[in-house]
Amino acid sequence: MSTIELPAPAARDADHFVSTDPFDPASATQLTPEQERFYLASQWKLMWWKFKLHRVAVVSGIVLLLMYGSTLVTEILAPYNLQTRNTDFIYASPQRVHLFHDQHFVGPFVYAQKKALDMDTLRREYTEDRSQPHPLRFFCYGDPYRFWGMIDMSVHVVCPAPGSTLFLLGTDRLGRDVLSRILYGARISLTIGLLGIAISFALGLVIGGLAGYYGGWVDMTVQRIIEVIRSFPELPLWMALSAVLPVTWSPILIYFGITAILAMLDWTGLARAVRSKLLALREEDYTTAARLMGAKPSRIIGRHLLPGFMSHLIASATLSIPGMILGETALSFLGIGLRPPITSWGVLLNEAQNINVVALYPWLMLPVVPVIVVILAFNFFGDGLRDAADPYR
Amino acid sequence: MLQYVVKRVLLMIPTMIAISIIVFTIIQLPPGNYLESYIAELQAQGESVDPQKIAFLREYYGLDKPLVEQYLRWAAGMLRGDFGYSFEFNMPVTKVVGDRMFLTIIVSFVTILFTWAVAFPIGIYSATHQYSWGDYGLSFLGFLGIAIPNFMLALVIMYVANVVFGTSIGGLMSPEYIGKPWSWDKVKSVLEHSWIPVVVIGTSGTAGMIRRLRANLLDELQKAYVVTARAKGLPPRKVLRKYPLRMALNFFISDIGSLLPHIISGAEITAVVLSLPTTGPMLLNALKSQDMYLAGSFLMFLAFLIVVGVLVSDLALVALDPRIRLQGGVAR
Chain F
1 MSTIELPAPA
11 ARDADHFVST
21 DPFDPASATQ
31 LTPEQERFYL
41 ASQWKLMWWK
51 FKLHRVAVVS
61 GIVLLLMYGS
71 TLVTEILAPY
81 NLQTRNTDFI
91 YASPQRVHLF
101 HDQHFVGPFV
111 YAQKKALDMD
121 TLRREYTEDR
131 SQPHPLRFFC
141 YGDPYRFWGM
151 IDMSVHVVCP
161 APGSTLFLLG
171 TDRLGRDVLS
181 RILYGARISL
191 TIGLLGIAIS
201 FALGLVIGGL
211 AGYYGGWVDM
221 TVQRIIEVIR
231 SFPELPLWMA
241 LSAVLPVTWS
251 PILIYFGITA
261 ILAMLDWTGL
271 ARAVRSKLLA
281 LREEDYTTAA
291 RLMGAKPSRI
301 IGRHLLPGFM
311 SHLIASATLS
321 IPGMILGETA
331 LSFLGIGLRP
341 PITSWGVLLN
351 EAQNINVVAL
361 YPWLMLPVVP
371 VIVVILAFNF
381 FGDGLRDAAD
391 PYR
Chain W
1001 MLQYVVKRVL
1011 LMIPTMIAIS
1021 IIVFTIIQLP
1031 PGNYLESYIA
1041 ELQAQGESVD
1051 PQKIAFLREY
1061 YGLDKPLVEQ
1071 YLRWAAGMLR
1081 GDFGYSFEFN
1091 MPVTKVVGDR
1101 MFLTIIVSFV
1111 TILFTWAVAF
1121 PIGIYSATHQ
1131 YSWGDYGLSF
1141 LGFLGIAIPN
1151 FMLALVIMYV
1161 ANVVFGTSIG
1171 GLMSPEYIGK
1181 PWSWDKVKSV
1191 LEHSWIPVVV
1201 IGTSGTAGMI
1211 RRLRANLLDE
1221 LQKAYVVTAR
1231 AKGLPPRKVL
1241 RKYPLRMALN
1251 FFISDIGSLL
1261 PHIISGAEIT
1271 AVVLSLPTTG
1281 PMLLNALKSQ
1291 DMYLAGSFLM
1301 FLAFLIVVGV
1311 LVSDLALVAL
1321 DPRIRLQGGV
1331 AR
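Heads up: the sequence lines are chains F and W, in that order.
Reminder that position 82 of the first sequence reads as 82 in my numbering, one-by-one numbering, no gaps.
Position in the second sequence counted from 1, then plus 1000, gives you my numbering.
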């Protein structure tokens, strides 16, 4: 048993000095904790950091979050129910909230409304009866409702004093509280955008993906179809399609029908973006590698190609939600979109359709305010997302 | 060039055929055939049904023939300028429509001019003064223009104009000219009445255009030739006028493709609110009463308008922009 003696490390044919100390690669380039955090961050984290810098977009995001959050607890937020009629107060003007009565601090309260009929214009005029304040109640019991259609409850954030009324934004022709109806309308108007974009996103990914990945005649066909769809004016086509929805359908089916119609014409932009990106990406080496390893096209597209620009797609999808919300509002405004009892902002605006209403009862136009806010918010939010998703800026 | 024109015009044909198939499908979508529901409706209202008229309509549309033949009949009629028969008005669509299509074209055209006139200076200002307060303010106005639904703006402006200026608006000409042949006075009256619809329809399109123009110009301003021109000592205004502005002009033409559908859509709904004698209110009525042949003709007409508009803009672009070469391969 003889062991071969290895030469001592230092004695190996080295003419130069070799340190025998253990080597720690991290010591070569010293990263500050700051840099380290940056280099190790995931793509989504980088996006989030960039997005945070865009202050308007962040604010818009918060506004959207609040609005969507409110749809979860609409029943509690709204002082009245969607269909509660106050037959004594038809076309009541908005009530103002006061704090001082006779120079004494009472806390938030409203005055009762006195009704008078102007015999010239046949307009109902409401004046404040300043004799007695009716203090508002907070977290109180009011109109009973079924929370999410399941639990019987009657808690509201704010309700009028017993025997008094609280119409912060006035009432409509059936004496229904406009504020409550706007809050309930948010449920429909806001979800129709999300639902629609989900459908159009799926369509855009699949159709654009197929066209971009396969190219050739598939691409040709898809391109032609997109061209044809694009040469229709959007709104008239929406109008035509929603007008042919059978009258016999239930309102909830109509809701889904309208959503599908909105989505059916919206996917073209997204499909184009996916297609042009895939046309370039499918020539990349990693795509070839995946194909040689036997991956199916669906896996290559879904697993290797799409994630590369998914963030960008989401940003542009966000930017097309407002179009859908506007589309629904326009259709319902014209009376060929959603139908009562389903209540969206467009359905509410349908009541403000002629100039007389605008002149006599201008508060019926108020549902347009949330529409404008949501659309602005989505536009700013989407802009911020797009900037954040763009790695070259 | 001639070859390109011919090719583009020929390419229009399959597009129009595809569009007509879609429109025809929509016409056929309501359950049952129209005639049956029409008869049922008449009977429900207690009106007598003239069997001769029914027979005429059945013959006219070939309603007892297979679908393909119905389609061919309908499409062939359209080629001859016969847009079908309106059940509601009991007249050929061509007669019902009258001036409406022409007025739609006029309103769209004037709106495009308005959009250009407004978007051009604002877009240039925003791009050259990027991130200034003016840029932010104008951009915000632009966003607001996108966010306010056309029809609401129409209502409000109509209300304001009524209260402040005392002009009765709504309509596209003074009542005395309705139904009269075209004369200079009529044209003048139309122009006087058309500013509201033009402004209303134009706002959202203008806003979109300003955004795109600004983005385009910003790209252009960062290019090397601009830097070179600046480095050579050209005054900023001259740099702007000599190069990037000229690119922007081309952009106006190429943008028609995305502007036109937008304007036509907006025009339809605005027309309903302002009760303009264009295609809008009639299309809505036709749809509501399920007078599908009339609605179908309108859809065809609007789509045709867009296809032709895009074609014209493409051709104009080729003529104007020397960088577009028609010969040789197309790089993908």
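Because the hints were derived from the structure by calculation, they are not lab data.
There could be a bad hint or two in this list.
[To be verified] List of simulated lysine-lysine pairs, DSS-like, C-alpha gap at most 30 angstroms:
#: 1; chain 1: W; residue 1: Lys1053; chain 2: W; residue 2: Lys1095
#: 2; chain 1: F; residue 1: Lys277; chain 2: F; residue 2: Lys52
#: 3; chain 1: W; residue 1: Lys1242; chain 2: F; residue 2: Lys277
#: 4; chain 1: W; residue 1: Lys1095; chain 2: W; residue 2: Lys1007
#: 5; chain 1: F; residue 1: Lys277; chain 2: W; residue 2: Lys1238
#: 6; chain 1: W; residue 1: Lys1053; chain 2: W; residue 2: Lys1223
#: 7; chain 1: F; residue 1: Lys50; chain 2: W; residue 2: Lys1053
#: 8; chain 1: W; residue 1: Lys1223; chain 2: W; residue 2: Lys1242
In this text the structure is predicted, and so the values were computed from the model without any measurement.
Hints, verified against the model:
1. This hinted pair checks out: lysine 1053 (chain W) and lysine 1095 (chain W) have alpha carbons roughly 18 angstroms apart, not beyond 30 angstroms.
2. Using a Cα cut-off of 30 angstroms, the hinted pair lysine 277 (chain F) and lysine 52 (chain F) holds, with the two alpha carbons roughly 27 angstroms apart.
3. The straight-line distance between the Cα atoms of lysine 1242 (chain W) and lysine 277 (chain F) is roughly 34 angstroms, outside the 30 angstroms bound, and the hint therefore fails.
4. Taken as a hint, the lysine 1095 (chain W) and lysine 1007 (chain W) pair is broken in the structure, with Cα atoms around 34 angstroms apart against an allowance of 30 angstroms.
5. The hinted pair formed by lysine 277 (chain F) and lysine 1238 (chain W) fails the criterion: a straight-line CA distance of about 38 angstroms is larger than 30 angstroms.
6. With a C-alpha separation of about 69 angstroms, the suggested pairing of lysine 1053 (chain W) with lysine 1223 (chain W) is violated against the 30 angstroms cut-off.
7. Our distance criterion of 30 angstroms between C-alpha atoms is broken by lysine 50 (chain F) and lysine 1053 (chain W), whose separation comes to about 69 angstroms.
8. At most 30 angstroms may separate the alpha-carbon atoms for a hinted pair to count; lysine 1223 (chain W) and lysine 1242 (chain W) meet this at roughly 14 angstroms.
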